[in-house]
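**Student:** One-letter residues, chain by chain:
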Amino acid sequence: MTEITDGIRNAVEDTELPRRLKDRVLDTIEDRGGVTVQQAEEIATAVESQYLDTRVDPLEPVGTVSAQSIGEPGTQMTMNTFHYAGVAEMDVTQGLPRLIELVDARKTPDTPIMTVYLEDEYAEERERAHEVVWNIEATKILALGDISTNVADMVVQIDLNEDTLQERWPLVDSTTEIAGEIAETIEGSLGVQVTQQGTVLEFGPSEPSYRELLQLVEQLRDIVFKGIEDVSRVVIRREETDEGEEFVLYTEGSAFKKALSIEGVDASRTSCNNIHEVHKTLGIEAAREAIIEETMTTLEEQGLDDVNIRHLMLVADIMTNDGTIQSIGRHGISGNKDSVLARAAFEVTVSHLLDAAIYGEADDLDGVIENVIVGKPVQLGTGDVDLRMGASKSD
Amino acid sequence: MSTGQSPKEIGEISFGLMDPEEYRDMSATKVITADTYDDDGFPIDMGLMDPRLGVIDPGLECKTCGQRSGSCNGHFGHIELAAPVIHVGFAKLIRRLLRGTCRDCARLLLTEEEKEEYRDDLDRTRSLREDVSDVTKDAIREARKKDHCPHCGEVQYDVKHEKPTTYYEVQQVLASDYSERIAAAMQPDPDEDDAGVSPQELAEQTDIDISRINDILSGEFRPRREDREAIEAAIGADLTTEDMNKLMPSDIRDWFEDIPGEDLAVLGIDPEKSRPEWMILTVLPVPPVTARPSITLDNGQRSEDDLTHKLVDIIRINQRFMENREAGAPQLIIEDLWELLQYHVTTFMDNEISGTPPARHRSGRPLKTLSQRLKGKEGRFRGSLSGKRVNFSARTVISPDPTLSLNEVGVPDRVATEMTQTMVVNEQNVERARKYVRNGPEGHPGANYVTRPDGRRVRVTEKVCEELAERVEPGWEVQRHLIDGDIIIFNRQPSLHRMSIMAHEVVVMPYKTFRLNTVVCPPYNADFDGDEMNMHALQNEEARAEARVLMRVQEQILSPRFGENIIGAIQDHISGTYLLTHDNPRFNETQASDLLRQTSIDELPEPAGTEDGEPYWEGRQIFSELLPDDLNLEFTGTVGEPVVIENGQLLEGTIAEDEIGGFGGEIVDTIAKVHGKTRARVFINEVAALAMRSIMHFGFSIGIDDETVSTEARERIDEAIQSAYDRVQELIETYENGDLESLPGRTVDETLEMKIMQTLGKARDSAGDVAAENFDADNPAVVMADSGARGSMLNLTQMAGCVGQQAVRGERINRGYEDRTLSHFEPNDLSSEAHGFVENSYTSGLTPKEFFFHAMGGREGLVDTAVRTSKSGYLQRRLINALSELETQYDGTVRDTSDTIVQFEFGEDGTSPVEVSSSEDVDVDVEQIADRIVESEFDSEAEKEEFLGVQEPPTNLSEHGASWEVESDD
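Chains B and H supply the protein sequences, listed in that same order.
Okay, so the first sequence: first residue is 49 according to the working numbering, each after it adds one.
Okay, so the second sequence: first residue is 473 according to the working numbering, each after it adds one.
Heads up, a few of these hints could be off.
With a straight-line cut-off of 27 Å between C-alpha atoms, the simulated BS3-like cross-links for lysine-lysine are [as the list claims (entries may be wrong)]:
| id | chain 1 | residue 1 | chain 2 | residue 2 |
| --- | --- | --- | --- | --- |
| 1 | H | Lys609 | H | Lys480 |
| 2 | H | Lys632 | H | Lys564 |
| 3 | H | Lys535 | B | Lys424 |
| 4 | H | Lys618 | H | Lys632 |
| 5 | H | Lys1321 | H | Lys1343 |
| 6 | H | Lys935 | H | Lys907 |
| 7 | H | Lys480 | B | Lys424 |
| 8 | B | Lys155 | H | Lys935 |
| 9 | B | Lys155 | B | Lys306 |
| 10 | H | Lys609 | H | Lys564 |
| 11 | H | Lys860 | H | Lys1416 |
| 12 | B | Lys70 | H | Lys1321 |
| 13 | H | Lys502 | H | Lys535 |
| 14 | B | Lys155 | H | Lys1343 |
| 15 | B | Lys70 | B | Lys188 |
| 16 | H | Lys860 | H | Lys564 |
| 17 | H | Lys635 | H | Lys502 |
| 18 | H | Lys849 | B | Lys424 |
Hints are computed from structural coordinates only; laboratory data are not their basis.
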């Protein structure tokens, strides 16, 4: 044990180390016997020099390095949409198409999905978890019972299945009551008079018309009686966690905002693979986090888990830099560059030039592509410093 | 404007439209003749090849600047158009301006307040660096809503745009058959219980006098607008037709001339730089001859450039137009000619306008006009301006050479004698320079050119080299050949990451290929099946210094993608060290020294022991000789056993892929990070050399017999497959009986498929297990799979056991005939063999049916790769383009060129992705540093200073440092 004297403390504090490393150095010295101030100073300088070695150098073209680090593994990814590694029951877009979808910042992903974590007892008991499932999954009439059309009497008859009703409305005791609720929903959305007899519902068009009857049936199929309209299916899975097991829901289709407000849903962990929805619901920082998370999982599932997450952060940061989600490409970052030449050299060359003429734009030539075009050294890395040899030798 | 001189350095480029007056001023000549050359082959004056437009034929002199072809850049000429024509590129903007400005006073149809609002909006958008076109489009939309001019009160009409370049003003006027229309609407309609309207009723409803109504109905009186609208409302009929009044380009030009500058500013247009009337061309620029050179074919015939062809068309029509107009031709003919002129000017600008037939060459090929020259990958921007062509480059096939260091490249002598380096002669090197010149251009190391102090360049030839060598004095420059130790840049396409372009030191060699050490294959992604690579010789000292310090292969050992080494032992090297260390074999003195003979180790360590009176050395001990003395490591290795290294001695463990391989070999990674790049380079080189000696010592080969299993094992494999078949059959039966329970969210069909796939997958695995059991641990294929050198147990399974299920789009093969895959099967046969299960192994051979399914799976793989390369290439291009400007600053922030902060610290913590692997948490090992310092294990003060980071380790600049010096002595 070494006592941390002021001398030792000063030696450590004088370094450019971050707080956590200073503390670690002090702890290490304290744990060790007989460290002199001289030695402490040396330890501190050695740690400092090694720490500085791990820092990113000034004027490093980190953008290009990150772009390459994400683009290069792209060549090794599959094009196939395989099913999800974890949930065999669901198809999820993966590999290169998913990566492209993410950097494109598409409004809706190919396969929207939410991972819904549950709170407390909802996460522990299957019964309670199912309650949440029925609040999320869109329940349509076909799942509840049989529909028959009686052309002679011009009525649609729905024979509701009592077991299903009980299962999907676990908090309501009487099936008649549930059927009543369903009848009300139908009345509300179709504007017809529904007669109820136990769990059998009947209704028809106000004036006998064969076409209208069929139309009613069509419309009936689309009515959502319970749950969220955009979620077509929910898969419930038991997953291992550090504190035992819990139930997690995976949804096909997403409605992030609605899902978060549902009783039993753990809003702090629930996530969604549509970055725009995350942005609208939780804000730009959450969207940034979602981009990083989604790209990382996409890479991980392709066995490219070694890609440094810092590269993904840079991509996410530039996509969210102005507070909205910008795509990488013609309609986003590359299309909004200041430089006319940079935009012209990327895509849709001619119209950028014509527009530039009309708006009387001027190109300052400080980007990479512009300098390549006019044949000047690029202002990055070693091109960003001017070195002059000293006139006299230093000593 | 045109000074005739090209600038030395470009500071800024501004864009704008050009005033036709300015244009006429800078024009070298007016072009009036459509012909190019006369019968004697001389360019015609005021023709398209007028020598004032520049010269392309060697020997001729430019009449404008007096320079010869090659040094004269060419000069623009002009064509006076007989009538104004529209510039297609601005067709949309012209439409917007026509719609947004008053037809009479030409002012923007917005009130002063609205203008103010849009002006502010525009300023804000500009300062936020956002797209201004959103604001300007919005302003036009607002202006279009006005049907009266807020300034002069003139009624505004809608402007219709017929693509590409015709505009009409649309007015609603009374139809000529108005009386019939009214009468028809007034008739009673028996179908729709419409009683009809009597003229009396109409008069009452519209408040028009009954006699006037009668006049209207008889067609004697044309109702005025108010009356017309009243009648329309009363009878519910439309009495108008659209009257399309064509706006001629000259009308539009007059209109635009009156738009005041302040109104243009609201639309984001800078009236100083670009007046809208300049979008209507009255004079057409003629590009210099140098921009459209004609080529002389073998038979002496001239073939003109596409642009010249197009210009010929324009001049011809222009001429005819003028003649016809002067002759007083009817308006119809004039308009036709005008349209034709418009067509030619349009296609001269852009020949890919939708709705317009492209102008074609005699052969039927569409002409490549101005837009086409700029556009796309091979266009001016991406092809010529961003893609530079360079001198001092070479390209040839690559082949391996294990005797080279990883920093080196073998350069064929014929390349070395062509690529040169500039040598400034001084007192110290004058003798060497003379020697090079004396050797001439053919001998190596020789010289190709010398430059005298007065700047004259003299070619060194075999004849004059001796004589020239005597004249070389300090102050001259000698273009000498590449010699050993020179630094060059080496590259293999596709250049996907920065390790695709690295600097190597030259080793001049005979024969025609570039030679590479095999350990640099992974970063280049190169192999030797015919790959070619490019070499660039550097031409100034700054470039050479940067290449040496930053780009040399040893500086690129660590990949920024994952922060571990990308360069390391590969393939046979790994097999070699595996054999050397796995069972820790013993070697006698001769064998041990033979193993180490190509390394820098020149003394054997103490023997590990004696056997039969002879001293022996162990494999691990020999491997340890290559390790740095102070290396301490402990981790779980490739084969799943711990690897323990203490003080540079391998005590335990097998050295294989995870230890010394590329892509994160632990030992290489640690040495590169802790002991420096130079030590890592030495280590990798020596491991490769030792491994090659080792694999040669043990002998390593593979043949058919190595993948053949015993009869007994074969039977067990067949058994495993048979039982899988039985299980599949069971599944099919349950399915057919309707007893199969579907998985949640899947149909029964899908469930069956999934279960069958699972069962067959298991069958292949168990066949593989049987095969694996059957092979000895010293089977070469097993050694390669276990060590990670090449191949996997799956490959071995497929060779020896069973190839397994072939899949297309992740499913069993389901395509082909109706309800069956091949005509060999019954329809709706669900069995495994009918859906692409290959039960044979590659050694036993596939049946024709199996072969076919296998080919299907293989083809899918090929297609997938082809699609993937193009997709990922585009992704990469977009990523690079979006991120290329980002750079870390001295304050640690990441900013783009306009100094917008993207990150305050790179990756949230400013940690370099090169030095720290993504999986690592602890970046600095404080414990170990404290150990080292407290226990003071330093040999010298210098070593200590280096450890403390006070003294930087010397930059190792060349592997040939010593030999360079020796050479300069002779």
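**Student:** Hints first: check each against the structure and report whether it holds.
**Tutor:** Evaluated hints:
With a CA separation close to 40 Å, the supplied pair Lys609 of chain H and Lys480 of chain H exceeds the 27 Å bound. Pair hint Lys632 of chain H plus Lys564 of chain H holds up; C-alpha atoms about 11 Å apart against a cutoff of 27 Å. Of the supplied pair hints, the one linking Lys535 of chain H and Lys424 of chain B is violated, its CA atoms being roughly 32 Å apart against a limit of 27 Å. A threshold of 27 Å between alpha carbons decides the hint, and for Lys618 of chain H with Lys632 of chain H the separation of about 16 Å falls inside it, so the pair holds.
With a C-alpha separation of about 33 Å, the suggested pair Lys1321 of chain H and Lys1343 of chain H falls outside the 27 Å cut-off, and the hint is violated. Between Lys935 of chain H and Lys907 of chain H the CA atoms are separated by roughly 15 Å; this keeps the pair inside 27 Å, and the hint holds. Taking the CA atoms of Lys480 of chain H and Lys424 of chain B, the gap is about 10 Å. The hint holds against a cut of 27 Å. A distance of roughly 73 Å separates the Cα atoms of Lys155 of chain B and Lys935 of chain H; the hinted pair therefore is violated under the 27 Å criterion.
A hinted pair counts as satisfied when its Cα atoms are at most 27 Å apart, and Lys155 of chain B with Lys306 of chain B qualifies at roughly 18 Å. Our distance criterion of 27 Å between C-alpha atoms is met by Lys609 of chain H and Lys564 of chain H, whose separation comes to about 11 Å. Of the pairs offered as hints, the one joining Lys860 of chain H and Lys1416 of chain H is violated, with about 48 Å between alpha carbons and a cut-off of 27 Å exceeded. Only pairs whose Cα atoms come within 27 Å are accepted, and Lys70 of chain B paired with Lys1321 of chain H is rejected, the gap being roughly 69 Å.
For a cut-off of 27 Å, the pair hint linking Lys502 of chain H to Lys535 of chain H stands: about 14 Å separates their Cα positions. Between Lys155 of chain B and Lys1343 of chain H the alpha-carbon distance is near 20 Å, which keeps this suggested pair within the 27 Å criterion. Distance hint between Lys70 of chain B and Lys188 of chain B is unfulfilled; the C-alpha atoms sit about 61 Å from each other, more than 27 Å. Simply put, Lys860 of chain H and Lys564 of chain H have alpha-carbon atoms about 35 Å apart, too far for the 27 Å limit, and the pair is violated.
Simply put, Lys635 of chain H and Lys502 of chain H have alpha-carbon atoms about 31 Å apart, too far for the 27 Å limit, and the pair is violated. For a cut-off of 27 Å, the pair hint linking Lys849 of chain H to Lys424 of chain B stands: about 22 Å separates their Cα positions.
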